[in-house]
Structure formats: C-alpha cells, structure tokens
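Undergrad: One letter stands for each residue in the lines below.
Number of protein chains: 2
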Amino acid sequence: MDAYNVEGDVDYDKLIKEFGASLIDDRLARKIGHPLVPELFFAHRDLDKIIEGKFAIVSGRGPSMKMHIGHLMLFRFIKFLQDKFGAFVFIPFSDDEKLLARGFSAEHVLKMDYENLLDIIAIGFDPRKTEIALDMVNMKQEVYNLAVEISARMTASTVRAAMGFTGETNIGLQFYPAMQAAHILYPTKSRGLPVLVPIGVDQDVFVKLTRDVAGKIGLKKPGDILSKFIPGLTGTKMSSSKPETSIFTTDTREEVKKKIWNAFTGGRDTAEEHRRLGGRTDVCVVCNYHRVFFQNHEIVRKCGAGEILCGESKRVLLEEVWEMLEKHQKEREKAKDRVKKFVPELA
Amino acid sequence: MDAYNVEGDVDYDKLIKEFGASLIDDRLARKIGHPLVPELFFAHRDLDKIIEGKFAIVSGRGPSMKMHIGHLMLFRFIKFLQDKFGAFVFIPFSDDEKLLARGFSAEHVLKMDYENLLDIIAIGFDPRKTEIALDMVNMKQEVYNLAVEISARMTASTVRAAMGFTGETNIGLQFYPAMQAAHILYPTKSRGLPVLVPIGVDQDVFVKLTRDVAGKIGLKKPGDILSKFIPGLTGTKMSSSKPETSIFTTDTREEVKKKIWNAFTGGRDTAEEHRRLGGRTDVCVVCNYHRVFFQNHEIVRKCGAGEILCGESKRVLLEEVWEMLEKHQKEREKAKDRVKKFVPELA
Numbered sequence: 477m478d479a480y481n482v483e484g485d486v487d488y489d490k491l492i493k494e495f496g497a498s499l500i501d502d503r504l505a506r507k508i509g510h511p512l513v514p515e516l517f518f519a520h521r522d523l524d525k526i527i528e529g530k531f532a533i534v535s536g537r538g539p540s541m542k543m544h545i546g547h548l549m550l551f552r553f554i555k556f557l558q559d560k561f562g563a564f565v566f567i568p569f570s571d572d573e574k575l576l577a578r579g580f581s582a583e584h585v586l587k588m589d590y591e592n593l594l595d596i597i598a599i600g601f602d603p604r605k606t607e608i609a610l611d612m613v614n615m616k617q618e619v620y621n622l623a624v625e626i627s628a629r630m631t632a633s634t635v636r637a638a639m640g641f642t643g644e645t646n647i648g649l650q651f652y653p654a655m656q657a658a659h660i661l662y663p664t665k666s667r668g669l670p671v672l673v674p675i676g677v678d679q680d681v682f683v684k685l686t687r688d689v690a691g692k693i694g695l696k697k698p699g700d701i702l703s704k705f706i707p708g709l710t711g712t713k714m715s716s717s718k719p720e721t722s723i724f725t726t727d728t729r730e731e732v733k734k735k736i737w738n739a740f741t742g743g744r745d746t747a748e749e750h751r752r753l754g755g756r757t758d759v760c761v762v763c764n765y766h767r768v769f770f771q772n773h774e775i776v777r778k779c780g781a782g783e784i785l786c787g788e789s790k791r792v793l794l795e796e797v798w799e800m801l802e803k804h805q806k807e808r809e810k811a812k813d814r815v816k817k818f819v820p821e822l823a
Numbered sequence: 477m478d479a480y481n482v483e484g485d486v487d488y489d490k491l492i493k494e495f496g497a498s499l500i501d502d503r504l505a506r507k508i509g510h511p512l513v514p515e516l517f518f519a520h521r522d523l524d525k526i527i528e529g530k531f532a533i534v535s536g537r538g539p540s541m542k543m544h545i546g547h548l549m550l551f552r553f554i555k556f557l558q559d560k561f562g563a564f565v566f567i568p569f570s571d572d573e574k575l576l577a578r579g580f581s582a583e584h585v586l587k588m589d590y591e592n593l594l595d596i597i598a599i600g601f602d603p604r605k606t607e608i609a610l611d612m613v614n615m616k617q618e619v620y621n622l623a624v625e626i627s628a629r630m631t632a633s634t635v636r637a638a639m640g641f642t643g644e645t646n647i648g649l650q651f652y653p654a655m656q657a658a659h660i661l662y663p664t665k666s667r668g669l670p671v672l673v674p675i676g677v678d679q680d681v682f683v684k685l686t687r688d689v690a691g692k693i694g695l696k697k698p699g700d701i702l703s704k705f706i707p708g709l710t711g712t713k714m715s716s717s718k719p720e721t722s723i724f725t726t727d728t729r730e731e732v733k734k735k736i737w738n739a740f741t742g743g744r745d746t747a748e749e750h751r752r753l754g755g756r757t758d759v760c761v762v763c764n765y766h767r768v769f770f771q772n773h774e775i776v777r778k779c780g781a782g783e784i785l786c787g788e789s790k791r792v793l794l795e796e797v798w799e800m801l802e803k804h805q806k807e808r809e810k811a812k813d814r815v816k817k818f819v820p821e822l823a
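Chains as they are written, first to last, in the working numbering: chain A, 477 to 823; chain B, 477 to 823.
Just so you know, these hints were derived from the structure itself, not from any lab.
This one's a predicted model, so the numbers in the text were calculated from it and none came from an experiment.
Some hints could be false.
Same chains, same names: a pair is fine if it fits in one copy or spans any two.
[What the hints assert, rightly or not] Keeping only pairs whose Cα atoms sit at most 30 Å apart, straight-line, the calculated DSSO-like set for lysine-lysine is:
1. Lys493 to Lys734
2. Lys560 to Lys718
3. Lys605 to Lys616
4. Lys560 to Lys790
5. Lys735 to Lys806
6. Lys587 to Lys692
7. Lys812 to Lys616
8. Lys692 to Lys542
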C-alpha cells in the first residue's frame, strides 16, 4: 500500500502499530463528541495535546473529479471542529498534484477546482477563520516559499523510498511532498498554530514526511486524526474516479436511487433465508452507510435480525442520503455568490 | 563542466560544436549593432530568425550576492535590445534556486533580491515592456502553473543526467529545471512571443532542457545568445561570491581602485622588460576589460607595444569603470522610488 495504490482489505491494528499512531479511546472520543469518532476516525497522533489549546486544521482537496459524500462527511466533520473548538481551517487544493500524478489536463483540474470549491463553501465554513488556496489559481506566496525551504531538506532518495518513486517519475511529483508539507505547515509558519490533519491512512506517508521535516525547519510537528477507508457502494474503496462506487454531491435523487439499488449488500440468496438467518451486516455496504454516516444502528439491527430485507434498508438509506444531499445542493447553489469571499480569482 | 561547477580554461569552439549552437557572424553582429557582439556574446541558437519579428528576452538574476559589473554589462545589453528591437523583457529572480543550490537563508536571498532589483531598475528598462518576478516575493501564478505542466514532462532520470544530480540532491533543486524552463517560456505562453535568452555557456543546459520540453507542451523553442565567461579580476571567473574577483555595482571609487590595482595583469617582471617586450595582453585581465567592456583597443595596443606600463593601463581602467559606476549609482538611488512600478510587494 502506498499513497497512490490502495486496494483490498486492510488490517488497521497492524497499520497503526507500523505508523506509530494511537487508537482514539473513549475519553478522547467524548472530548471530540462527533459521531464519526471513533467509527470512521479511529486513530491519531498528538490529537489529545493539540485540542488542549488553539489550533488549526489543514485538510486538502485533490480536485480530480466531483466530490462524493465521503468528502462531504469529512468536511462537515471539519466544520464541526471549527465550530466546537474555534479552529482555523486551511483548505489547500492540490490541483497541481492531480495534473502531475494522474495526467489530467490543466483545463480539467481548473474546472474541478471550481466544482469542488462550491461544495466546500456550501459546508458553511466561517470566512474569518478559513483560507482556501488552489495551487494553480491562488497559490499563496508563503506556501511556495515554505515548500522551497522544505524541499531543500528532503533528498530525492528519501522521497523515493517513502513514496515508491523511480527515475521515471516526473520531477513535479518528486517535488510534490514538499508542497504537501508546506500546505500542512502553513498555519504553523504564518500563525504559530499547531496543526491537526484529518487524513486517510493511505495518505499517512505525507504526514510522516512532514513531521520529519518540521523539526528541521524549527516548526512544531503536525498531529493527525486518521480515518479508515471510506466504503464504496460496490464494496471496494469509494473513489471519485469510479462513478459507480460513489454518490456525488451533485447527483439527482434518481441517480442516488440507482446507485443504492446497485450497491453491494449482505443480503441472503432468498427472502426466506434472509428472514431466517438475518443479513450479513458486517459485509453489507448499505448497513455500513447506515452505521458510519447516519448512525442508524436500529436499522442495522433489524437487518441482522432478519426483520427487514435489503429493499427496505435501501429505501431508508435513500431517504437518509437524499435529505442530506438536497440541503447540500441548495447551499451549493448559494455558494456561487460566496466564491468571491474565499477565492476572488474564481468569482 | 556543469551549471554548478565551472573552473579553468574553456575551448569555446569545442563547446559550440557540442551544444549545436552557431557562431555569430559579421552580418548578424552588424544587425545587432552592439559592441559586446561578438566580443562577449559570440554564439547563438535561432537568434537570426527571432530578431526578424516581435520577440521577448528572458534574462534571470540569481540573487546570491550583490551584482557586479559583468551583470551590469549584461543588463545594459538587454536594455539596448529592448530599445532597438522593442523587445518585451522578462526578468525572473531565482531567489529560490539560490536557497536550494547554495544553502543561503531565505532572509539573505530576500535582502539580495532588493539590492539586485535596484540595480536592474537603475538600468532604465521601460516599465510598459518589462516584467520582473521574484520567485519568493511576487511569484507569478502563470509561471508556477507552467512549471507544473513542464515538470510533468521531465523525468527524474533526465534531469539527473543533464544536471549531474544524485539521490542526495534535494528535491527542490531537482524540480528547479522546470521552474527555470517556465521562466524562459512564460512570454511565449502568456504573450505568444518567441523568446531569446542571453546566457553564459555554463548555463546552457537549462536552455537545452527548455528547448526539449517546449515542443512537448506545444510552445515555440526559445533561442539563445551565448556569452563567454566574464573574466574575473584575479584571472579566474568573475563571481559574486568571491569579492576580490569582481567590481560590485555599489563599490566606492576607493574599492574599485584597490581591486583594479590588485588585478591579474600580463605585465613583465620589470619595467625595462615590459617596455622592450610589451605586455602579454592576451592573458591580462585589465586589457581584457579595456577590450571587452570598454572597447578601448588603443590602450591595449599601447600596452602590447610596450608604450605604457600596467600602472597607466590600470589608471585608465579605473576612470572607465568609475565613469560608468558613478552614473549607475546615481540611477540606483533614484531606483528606490521606482520599485513600486515593478515590484509593489517590495516598495
């Protein structure tokens, strides 16, 4: 597993040991007080210390495609932390990295920059406590300068080993870990705030590289809060680049319905068998969504007890998802008028 | 020889052959009509084609130290080309590269940015036809974006082979050829103008890499006009980082005098011998300055004929240099009020 290749099942306990991170215990979870902790965000580095004082959250967006509800959940969680702890939020868009790592055209990533920006503004971040910087639109001079300083302290060999790069990797991608680290350390450099990074375990290598380099340039090491992979509708990882795995924030009710109807479930071969044995809720994506995203444990219990069939479970999920999406889409429309508050260059 | 290590004598004919450049012939030299051509600027790629139409000149400044009179001569030459051909001039400051390649602190390069900027503004470039961009002060978004696009098309192996980098080279320096290429191609990308790069033969590798990548991103290949190494006062290469080799633009008359008095000459062991055999004007730095910078061929002839001694030659050079420097220093003072026209961020 590396930052650019994630497939298959993951042993989270093993990962945490390898990473040197800690599981989020009940006490810490209560302090955060959000339903996604520890259900989705299950581990951390220095989270306990960071939330004791003022801090910043850095959470980037790689605008290769439209945002899906997994992203939406993440940014809603960040908004919750902003509201609860008064955290400063910095949201860098790594449009450059999407071009470098995935070969997307500049035109494509700039279009997706705008689409993703609307979703993020729609979440309702406080403009006085939030900065959004798109590397290829409104790159911050301070971020670039920090990337230069950081890159002076990362050798090609170190980055290759950490990232699995080769001689055929382009020099932009080899430089990118310095940009990523600069994104993460920007609030520390510019505002003196310790940084918390909510991040998927598959992206942890960036935080590790950043922690290593922070000390070398006299900045406090960032902490992180690690999330499990977000389950995709088809049973594999949710991915913006595989439309059938994801519910996009702009999907219509009909599209959402179709995707949920085609989702991978733990239903038995026949209705009779399902009623007798109960659904396999542990492997069921629909149950997982009920549980992780909507904390609807009652419907999962009913499914496991054979009291309801997959159709019923899916109908409920559709309503849960659509209630959230419909509201989000209205806010997303209004966000068009608020772009100038965050990224005047795109207004 | 590579871009970061230049020592000893150079066989220019051999270099030109290796580089695939052409010598500047009499006809082309007359078209340019400047005394430094072909005395200092002796070779080129596509210069003849480029000056047939509208074009841009890109000439960077690496602000590691104060500027010396070699730099002054270069930028005066560029100003001449701007006046004569109406060329658009783009002057990128690679302060980032100085930090990456030479380990200077950000504070130091930002201070030198300002000092060098005054010298360049003092030359008298037309603000309507000139852009100055300091990578770490007023980085142009378009330049960064172009660097990203370019870096996607340069592999680590290619850059390593061209630049002599190893695994221990930092990733900033490995990325830098993309930034350099972006500087060079910026006027082509943003204004559709073919670019001419006046550059020392030791920096030619950057132009070669840029020519290679230009085609890949659908931009016209830049041409160049190549200069010989600028002779240093001590007989080695003039270098800002070895103060005794260079006359800085801010030196006092006394400092200039002292440096010229200590210069390496072709004087004979005794005055009698000098009068009898004549000075060795081919190896004499003072004669070289008379010839290349001030076109004072008469004094070189006199020295070679034994009609004058080194002292007299040095006295004349002092007057030549000081006449130019005194004027420049006055313009440099006035330049402080003109910074806002070029780089408002530093005004």
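Undergrad: With reference to the structure, classify each hint as holding or not holding.
TA: Structure-based check of all given hints:
1. Lys493 to Lys734: neither (40 Å within a copy, 67 Å between copies)
2. Lys560 to Lys718: neither (34 Å within a copy, 57 Å between copies)
3. Lys605 to Lys616: Both. Shortest intra-copy (16 Å) and inter-copy (26 Å) distances satisfy the 30 Å Cα cut-off.
4. Lys560 to Lys790: The answer is neither: 33 Å in one copy and 75 Å across copies each exceed 30 Å.
5. Lys735 to Lys806: within (21 Å within a copy, 73 Å between copies)
6. Lys587 to Lys692: Between copies only: 23 Å across chains, 37 Å inside a chain, cut-off 30 Å.
7. Lys812 to Lys616: Answer is both; intra-copy 22 Å and inter-copy 26 Å each pass.
8. Lys692 to Lys542: between (37 Å within a copy, 29 Å between copies)
The structure shown violates the earlier hints numbered 1, 2 and 4.
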